[in-house]
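Enquirer: Chain by chain, the residues run as shown.
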Amino acid sequence: MQTPSPRKRPKNLNLFTIRLPVNAIISIMHRMSGMVLFLVLPLLILAFGMSVQSESSYLEMAAMLRHWLVKLLLIALSGAFFHHFYAGLRHLAMDVHWMTSLQKARLSSRLVLCLDVLSVTIFAYAIW
Amino acid sequence: MLIELLTKKYPGMRLWLAQRLSAVAMAVYLIAFALMVALTQPAGYQDWLELMSPWWWRVFTLLFFISLVMHAWLGVRDVFKDYIFNLGLRAVLQVLVDVLLIIYLGWAGVILWSI
Chain A
0 MQTPSPRKRP KNLNLFTIRL PVNAIISIMH RMSGMVLFLV LPLLILAFGM
50 SVQSESSYLE MAAMLRHWLV KLLLIALSGA FFHHFYAGLR HLAMDVHWMT
100 SLQKARLSSR LVLCLDVLSV TIFAYAIW
Chain B
0 MLIELLTKKY PGMRLWLAQR LSAVAMAVYL IAFALMVALT QPAGYQDWLE
50 LMSPWWWRVF TLLFFISLVM HAWLGVRDVF KDYIFNLGLR AVLQVLVDVL
100 LIIYLGWAGV ILWSI
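Taken in sequence, the protein lines are chains A and B. Using numbering that gives the first Met the number 0, read the first sequence as starting at 0 and increasing by one per residue. Using numbering that gives the first Met the number 0, read the second sequence as starting at 0 and increasing by one per residue.
Hints may be right or wrong, so weigh each one.
[As the list claims (entries may be wrong)] Derived coverage of chain B by chain A (criterion: at least 3 residues anywhere in the stretch with Cβ under 8 Å from a Cβ of chain A; other residues may be distant):
id : stretch
1  : 20-31
2  : 44-58
3  : 66-75
4  : 101-112
[As the list claims (entries may be wrong)] Just the calculated beta-carbon pair ranges, DEER-fashion:
id : chain 1 : residue 1 : chain 2 : residue 2 : range
5  : A       : Glu54     : B       : Lys80     : 17 to 27 Å
6  : B       : Ile30     : A       : Trp97     : 12 to 22 Å
7  : A       : Ser100    : B       : Trp54     : 45 to 55 Å
8  : B       : Ile101    : A       : Ala61     : 21 to 31 Å
9  : A       : Met98     : B       : Trp106    : 31 to 41 Å
10 : A       : Ser100    : B       : Ile65     : 30 to 40 Å
11 : B       : Lys80     : A       : Leu72     : 24 to 34 Å
12 : A       : Leu101    : B       : Gly43     : 43 to 53 Å
13 : B       : Leu86     : A       : Lys7      : 30 to 40 Å
14 : B       : Gly108    : A       : Arg18     : 41 to 51 Å
15 : A       : Val95     : B       : Phe32     : 17 to 27 Å
16 : B       : Tyr82     : A       : Ala92     : 25 to 35 Å
17 : B       : Ala26     : A       : Ala61     : 23 to 33 Å
What the hints contain is simulated information worked out from the structure, not anything from laboratory work. Because the structure is a prediction, the values reported are computed rather than measured. Just so you know, even glycine gets a beta-carbon here, dropped at the ideal spot from N, CA and C.
Generate the whole structure from the sequences, applying the supplied hints.
Expert: This is the structure we're talking about:
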């Protein structure tokens with residue numbers, strides 16, 4: 000009896016035909032935003048230190064934050080923060096068994112995405 | 000049941016719970032912080048300093064940073080375990096992250112107690 004060679008098994012690894020479901024997108028974004036937040040942690044502590052150290056360092060910090068490039072960076076970081084925050088709350092809700100059916104999980108994933116966009120928009124408007 | 004899961008037999012459960020508790024602590028702190036900023040509307044250095052300097056607020060802020068470091072430690076650890084398969088490399092990176100996080104915590108503490 001001839002067994003088919005493993006090499007001839009059909010494959011479907013065309014990434015353009017594989018679509019992540021919305022829950023998976025939320026999940027990987029939660030992980031990526033977490034890593035981003037970890038990487039910028041020293042900048043956050045530095046900014047906090049400068050803001051309370053003295054009046055001159057406070058003003059220096061404030062001037063730096065007014066640069067448009069820094070503002071763009073802050074908006075991007077706010078996206079990472081808001082996503083991590085809302086997706087984290089979603090995790091906590093599921094840990095206490097709220098919204099655990101597939102249908103409700105999809106709904107809460109979409110809600111997280113909406114809140115992300117809304118929060119980043121408000122944040123961008125507020126700092127510009 | 001829950002208490003049993005938290006005994007030494009299941010060390011992963013404690014870490015799991017620590018990840019959740021630190022998340023809740025940070026969320027509560029950040030909401031309180033946003034409310035304080037919204038209510039007092041700090042307009043300059045003096046206002047900002049007044050907002051941050053009460054001792055109880057500095058204790059809360061330190062608790063926030065402790066939660067942050069614990070949360071980041073667990074999170075980065077999970078990411079390393081999922082993507083870095085070379086055990087030696089993973090151990091080295093983990094030590095690096097551990098040292099960094101301890102430095103961050105010390106740094107935040109020094110800042111808070113020199114206000």
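Enquirer: Work down the list of hints and note, for each, if the structure agrees.
Expert: For each hint, the structure was consulted:
1. 20-31: holds (count 4)
2. 44-58: As far as the stretch 44-58 of chain B goes, the hint holds, because 4 residues have Cβ atoms under 8 Å from chain A.
3. 66-75: Satisfied; 4 residues make the cut.
4. 101-112: holds (count 4)
5. A:Glu54 / B:Lys80: 17 to 27 Å: Distance hint for A:Glu54, B:Lys80 is violated at roughly 46 Å.
6. B:Ile30 / A:Trp97: 12 to 22 Å: holds, 19 Å
7. A:Ser100 / B:Trp54: 45 to 55 Å: holds, 47 Å
8. B:Ile101 / A:Ala61: 21 to 31 Å: Between B:Ile101 and A:Ala61, where Cβ atoms are some 30 Å apart, the hint holds.
9. A:Met98 / B:Trp106: 31 to 41 Å: holds, 38 Å
10. A:Ser100 / B:Ile65: 30 to 40 Å: holds, 36 Å
11. B:Lys80 / A:Leu72: 24 to 34 Å: holds, 30 Å
12. A:Leu101 / B:Gly43: 43 to 53 Å: holds, 51 Å
13. B:Leu86 / A:Lys7: 30 to 40 Å: Since B:Leu86 and A:Lys7 have Cβ atoms about 35 Å apart, the given range 30 to 40 Å holds.
14. B:Gly108 / A:Arg18: 41 to 51 Å: holds, 46 Å
15. A:Val95 / B:Phe32: 17 to 27 Å: holds, 24 Å
16. B:Tyr82 / A:Ala92: 25 to 35 Å: holds, 27 Å
17. B:Ala26 / A:Ala61: 23 to 33 Å: holds, 27 Å
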